[in-house]
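Student: Sequences are here, hints too, so could you generate the full structure?
There are 2 protein chains.
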Amino acid sequence: MTRVLILGGGGMVGQKLATKIAKDGLLAETAPEVTLFDLGFPQNAAPAHAQITGNVTDDTIIRNLAAQQFDVIFHLASVVSGEAEQDFDKGYAVNLSPTLTLLDGLRTAHLKSGGTYRPRLVFTSSIAVFGGPYPDKITDEFFISPQTSYGAQKAMCEVLIQDYSRKGFIDGLSLRLPTICVRPGKPNLAASSFFSGIIREPLMGKEAILPVPDTVRHWHASPRSAAGFLTHAAALNTTGLENHRALNLPGVSCTVAEQIEALRDIAGQDVVNLIKPQSDAFITKIVQGWPRDFDPVRAKSLGFRSETSFSDIIKVFIEDELH
Amino acid sequence: MTRVLILGGGGMVGQKLATKIAKDGLLAETAPEVTLFDLGFPQNAAPAHAQITGNVTDDTIIRNLAAQQFDVIFHLASVVSGEAEQDFDKGYAVNLSPTLTLLDGLRTAHLKSGGTYRPRLVFTSSIAVFGGPYPDKITDEFFISPQTSYGAQKAMCEVLIQDYSRKGFIDGLSLRLPTICVRPGKPNLAASSFFSGIIREPLMGKEAILPVPDTVRHWHASPRSAAGFLTHAAALNTTGLENHRALNLPGVSCTVAEQIEALRDIAGQDVVNLIKPQSDAFITKIVQGWPRDFDPVRAKSLGFRSETSFSDIIKVFIEDELH
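In the order they appear, the protein sequences are chains A and B.
Under our numbering, think of the first position of the first sequence as 4, with each following residue one higher.
Under our numbering, think of the first position of the second sequence as 4, with each following residue one higher.
Hints are supplied without guarantee of correctness; some may be wrong.
[As the list claims (entries may be wrong)] With the C-beta cut set under 10 Å, the calculated list includes, among others, these residues of chain A facing chain B:
1) N58
2) R110
3) V132
4) G134
5) K140
6) D143
7) I147
8) M159
9) F172
10) H247
Just so you know, these hints were derived from the structure itself, not from any lab.
Where a beta carbon is used, it is the ideal one built from N, C-alpha and C, also for glycine.
Tutor: Right, here's the structure in full:
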């Protein structure tokens, strides 16, 4: 029986992942045993063997989970970019310290097992590990230079996961997710929240604030793709990745104007009229420091796949959330 | 009165630095007040206002030091590469955790001061943050990919120092030192120790083991240059570095065969005959993962200077240590 732990399993991506595993299985097993861990869970939550409510900042809980020898651990638990930037202590407490604790716990389990236990760890990193100035397309070997605390925390976790993997304690991968769009549900504190908001809210007949100029170019993939990236990573043969376990994933590069154009094509001008430009200097400053486009050769060659147009991203939202 | 703290002030580079500051001053001040902190100090130690004996892993001590509002803090305290690779826990305990504690303490002091206290922090990072395969010359924007725990720990500290500096809590710089050569004193546990040993020991009439093939190419600077890098960094105008505070420093790229050739030119064949090849797979594996050559454009444009030939490096050793 494959046993799976999803830290951050109550969040949007965690729930998509749990739902996908329940539907498609994982590692060629149709019904793996999935444990979700998060601060809380939505009503009508994804099916799971167990839901555990707790905080990743609780070292005792994380050490207990690490001792349970899950075969695959997805580590998605994080505070988002805007929150980590505004609450420095909380950002480090949630986005760095629990990863240190988790890895130390997994190493302890590895050593206790006499070296036989070596779990697959799939960590959601971010394109926020990069900093400008950027080339037109960021290559797989572009240097990390975070411009936010969130990006710094993700970068440090990547380095840790690389080192613990190199030593053989775990078999880890860090996925530098594109901005996930269109997110269902409510706006959140992520500086990137509006990228989803300007599509989701108008499609549901509501106004949405656009806090940045429509010339802003950014890098997107759907929640469906995010779940696909994660399950693909869980099953990936990591031989040959030894020294380079953080992957830039595929996505769609487009400007906000192109996002809006795709929305107009699909839903019409009346829907687009619900987008209200209202400049926000704080968000604009963060977002303008972010990457705009990638050439993710390695991840594509490893079989990671995303949408190829923003229209497809909107259609995924309509199919998965509005039907 | 400029107040200076040197963490790792009892080590070889720390002592060179303290001696240089006592001789040349710092920040245009002829007699700054220098506090040295280390596990212990050599007899005939460099002049200092205070020597404090302690361990950087002691959080209370580090927090107390951080609260004392030193103007310049040099953070050199570290276990070396070979030791961090063989003792995983000790490597993280010494090379990562104290930096987290120090930065948190400096931020607390910054906040307590109402934002006026913002110390210059100069951290000794390493070219071990990089991993192969390498280009012929590593550029300033080559990506980090550590192949040792030591390199991973240094990389994480760089990211932390960048983030704390970006937030304005400190004004930090990370110096990716070349391998410091020729080190005086005894061989140490660094995998790089032999680079010095094959010069130092023969010049003192002793045999030295060469554990790697003489085709190994590596990147060197003298202890005198190291002290110069550090004092230069303490005085550097960091405006314009905001997003890129880890610097590849200048050095000398040469093979072990070229090192030996330079030794022969200076000291003769009888001295060279004291070098005894004796292959060591553990050291060879670590060293072959290290960088061989750099094109450190940014550091040179910022005024950092090193020797330009290995002969000069040997001459510095003879002048500074054997006279």
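Student: Against chain B, is M159/A within 10 Å by beta-carbon distance?
Tutor: Holds, because the Cβ-Cβ distance from M159/A to chain B comes to roughly 5 Å (cut-off 10 Å).
Student: Answer holds if the nearest beta-carbon of chain B is closer than 10 Å to that of D143/A; otherwise answer violated.
Tutor: This hint holds: D143/A lies near chain B, its Cβ roughly 9 Å from the closest one there, short of 10 Å.
Student: Against chain B, with CB atoms and a cut of 10 Å, does the hint on V132/A hold up?
Tutor: Status holds, d = 9 Å.
Student: Under 10 Å is the threshold here; is the Cβ of K140/A close enough to any Cβ of chain B for the hint to stand?
Tutor: Violated, because the Cβ-Cβ distance from K140/A to chain B comes to roughly 15 Å (cut-off 10 Å).
Student: Return the status of the interface hint for N58/A: holds when the least beta-carbon distance to chain B is below 10 Å, violated otherwise.
Tutor: 20 Å, violated
Student: Would the stated hint for R110/A survive a check requiring a Cβ distance to chain B of less than 10 Å?
Tutor: Constraint on R110/A satisfied, holds at 8 Å.
Student: Given G134/A as an interface hint, is its Cβ closer than 10 Å to any Cβ of chain B?
Tutor: 5 Å, holds
Student: Does I147/A pass the interface hint, meaning its C-beta sits closer than 10 Å to a C-beta of chain B?
Tutor: Since the shortest Cβ distance to chain B is 7 Å, the answer is holds.
Student: Have a go at the H247/A hint: is there a Cβ in chain B nearer than 10 Å to its own Cβ?
Tutor: Nearest chain B Cβ about 6 Å off; hint holds.
Student: Is the shortest C-beta separation between F172/A and chain B less than 10 Å?
Tutor: Given a least distance of 9 Å, the restraint on F172/A holds.
In this structure, the hints that do not hold are numbers 1 and 5, in rising order.
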